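> Below are the chains, spelled out letter by letter.
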Amino acid sequence: MERSGAERRERQEASCPHCGIAVEGPEDAFCCRGCEMAWAIIRGAGLERYYEERTELPPRPEPLRERWDSVEAERRSDGTCEVRLAVDGLRCASCVWVTENVLERTEGIEDATVSYATGRATIRWDPERIGLGEVAGRIASLGYRPRLLGNEARPDRTLLTRLGVAAFAAANVMMFSAAIYAGWLGSMETAYVELFRWASLALATPVAVYSASPFFEGAWTGLRHRVLHMDVPIAIAIGVLYVQGLAGTLAGFDTYLDSLTMLVTLLLAGRVLESGGRRRAAEAAVTLAATVPATARRIVGDTLEVVASESLLPGDRIAVGAGEDLPADGVVVSGRGALQRALLTGESAPVTIEEGDEVWAGTVLLDGAVTVEVSVAVEGTVIQQMAEQLRQAADRGTKPSSTDRIAPWFTAATLVIAAVTFAVWLPVAGSARALTTTIAVLIVACPCALALSKPLTAAAGLGAAARRGLLFRSADALLETADIDTIALDKTGTVTEGAVEIVAASDRDLRVAAGLERYSRHPIAVAIVREAIARGVPLPAAEGVREEAGSGIEGHVDGTFWRLRSGGSDVVVLEGPEGYRGLIRIGDRIREDSLAAVAALQALGQRVVLLSGDDADPTRRIADAIRAAEAWPAQTPAEKAKRIEGWREAGHSVLFAGDGMNDGPALAAADVGVAMGTGAASSILTADAVLGVGSIAPIAAGVRVSRVCRGAIRANQVRSVVYNVVAVSAAAAGMVNPLVAAVLMPLSSAMVLAGAARVERRVRARERS
Amino acid sequence: MIAITFLIPIAVGIALVFLILFLAAVRAGQFDDLDDPAERILHDD
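In order, the protein sequence lines correspond to chains A and B. Take 0 as the starting number for the first sequence in numbering that gives the first Met the number 0 and just add one per residue. Take 0 as the starting number for the second sequence in numbering that gives the first Met the number 0 and just add one per residue.
It cannot be assumed that every hint is accurate.
Only some residues are given here: those of chain A computed to face chain B with a beta carbon under 7 Å [claimed, not checked]:
#, residue
1, 42
2, 43
3, 44
4, 159
5, 160
6, 171
7, 197
Just the calculated beta-carbon pair ranges, DEER-fashion [to be verified]:
#, chain 1, residue 1, chain 2, residue 2, range
8, A, 760, B, 17, 31 to 37 Å
9, B, 27, A, 107, 43 to 49 Å
10, A, 188, B, 27, 40 to 46 Å
11, A, 188, B, 10, 16 to 22 Å
12, B, 27, A, 647, 23 to 29 Å
13, A, 368, B, 27, 53 to 59 Å
14, B, 22, A, 418, 31 to 37 Å
FYI, nobody ran anything at the bench for these hints, they're computed from the structure. Here the structure is a predicted model, which means the values were calculated and not measured. Every residue gets a Cβ at the ideal spot worked out from N, C-alpha and C, and that includes glycine.
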């Protein structure tokens, strides 16, 4: 931070002992109460070492807005609860150290581990002695932000066990088979050949019965639902391989058990890779949406009584104070204040409410105090209806992938060729030869390469997209992105920063304003203080500060009286002595890279459209600034969804990116919904992909990765069909024996593996061109 | 050649030991988190 100006140097300057921000005042002045508390907690836990060892300054503590006590935590057998949280703001190893230790020294917390690499905390506590709300509050009071994790897939240990068993068997069976094949050259005594066959059978049995069971289960589930997907031909091949092996070992002819174990190993390895990629994407953290508070203060005669929000009836009058969430939809009957409606509209700028104005459950009264007459019961509130829409949207099914679409043809063709082979060979060479040839056909036709193609390529693609900042939730979402031709963007919080920003102000005005607003939670106040910190303007001490609900703040700085008041939607006026008037311009700033991101998308042939809940003027202005093809202002959440459905019906494939809870329906309606990782929990839960950084630039990268993956899968499909045609023809001609199969089949899988390994390189090549 | 009858069980037995070790590692959760332990060593206690 650079400080300039002789005037400023004269004042006494210090830096906040906790967060290090420049503050005017005595040596040990804190910049805010949050920092003072964090400092007290760390000192209290005997962890002062943190201040000497840290290499990065921590973020300023902010109070938690979410209600954590209703969160269901996993109960363990010993009565303790365990939860895994994402923790934002961990900037260095010391942050991790101090968080972990403060938690561990908190009464009631049994165990806490914080991971720097993943930004995750695992906490085990005794619910009798401490609530999750307090635990989360503890993390927040240190300046870090706890967030609940979405549905996080636990690593699948069974799958690894199956793979281990299969790989163990494959390695050994291959050795035995090599001995048998070598025996073809010389003369091996039948007794030894039989020994090798029995040993192979013994090892292949657990593979067929245990390791391969997911394929049999998958095939069976598919058949029961009358779907022929990829597991069906695989299960047929594995089944035939094993039965042939059993018969061959008993009757004394060559078996394909080495191919069986190798196939199952490769297929399981593909599944393990796929689940790894999927897990990484599913770990996108979600913030708990601020929901309707559990209790409300109802006015009865001259007194207040605390009642459950659900019991509120139309006509009831409730009191809402500064900093509280509205428990119900209603109309203001008295008082005034500033209301933040971000949860419903996505717009973060607060609006002033007065008598006669409508308010909604889930919005936040930032300052002031109001009396509200409830207009509908809790079930009828706007926020409840929105939650219901989201639930319905989340239930929609997924489209079958192209690999699954060709599976029925594949199976049918294999069965027909097998039948024809049997029919042709039967009269020529007798039933025994006809049967071995037919079995060979069924075995080599195993679409192993085809089945591996999607998981392997998608795993590579999910990784490539994640490295570029876009986390896809599933392989299907990744592959679908290749078809997208229309990109619809939400305005606030997606194209723009979403928070109130200072657009223009002099350092001098900013200093005074920051002094007045230092302790306020109002978004404009937060923006002013943040801007002052960013410019390195020290925060002065203010005296006699008085905040007036919905209109302004006043107090003394440097012994002079100042008043800060709203001057319209985009300006704050600072009034000082002798009629001084300073203007601080505020606005929602466009993200720095939004223009470049839109240009990149247009270069990929995308039509970029802006869908906003905001008024026509600002929407038009932003649309022009990012050169979007179209702009649709004043869209309600339902209208956004409807418009997207309209485009889809017209034959377009639509990707929608948004950040608020109000974007949930649109995210669900789009072919691919992309949520901002910094956005509302509900939007992240409905989305197919999450942007890890606060930028829409990774969308273009995602489209590119998706196209590369799609191409790689197409190429693999062609290759494996060619392989199958060749191999099946050879088998039908009676030219395939166990050795040929053992070489051919893994070879086709290796081809697919090579294709998947090239994904990252191809994406880079496309980025350069 | 009779040695083969002993060698096969020995070879499979050795492989089995490794399989059991692998399964024990899986069960102990060694493969649950492949990224974090590498970073953990960087901060003391």
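> Is it true that residue 368/A and residue 27/B lie within 53 to 59 Å of each other by Cβ?
holds (57 Å)
> Could you tell me whether the CB distance from residue 27/B to residue 107/A stays inside 43 to 49 Å?
violated (28 Å)
> Under 7 Å is the threshold here; is the Cβ of residue 197/A close enough to any Cβ of chain B for the hint to stand?
violated (9 Å)
> Cβ-Cβ distance between residue 760/A and residue 17/B: within 31 to 37 Å?
Taking Cβ atoms as reference, residue 760/A and residue 17/B lie about 34 Å apart, which means the hint holds.
> Can residue 159/A be said to touch chain B, with a Cβ gap under 7 Å?
With Cβ-Cβ at 5 Å, under 7 Å, it holds.
> Take the shortest C-beta to C-beta distance between residue 42/A and chain B; is it under 7 Å?
Violated - the Cβ of residue 42/A stays beyond 7 Å from chain B, reaching only about 19 Å at its closest.
> Between residue 188/A and residue 27/B, does the C-beta distance stay in 40 to 46 Å?
holds (45 Å)
> Residue 27/B and residue 647/A, beta-carbon distance inside 23 to 29 Å?
violated (48 Å)
> The hint names residue 160/A as touching chain B; please verify it with the least Cβ-Cβ distance against 7 Å.
Interface hint status for residue 160/A: holds (6 Å vs cutoff 7 Å).
> Would you settle whether the hint for residue 171/A is holds or violated, based on the nearest Cβ-Cβ distance to chain B being less than 7 Å?
holds (6 Å)
> Range hint 31 to 37 Å: satisfied by the CB atoms of residue 22/B and residue 418/A?
violated (42 Å)
> Given residue 43/A as an interface hint, is its Cβ closer than 7 Å to any Cβ of chain B?
violated (19 Å)
Violated hints, in rising order: 1, 2, 3, 7, 9, 12 and 14; the structure is consistent with all others.
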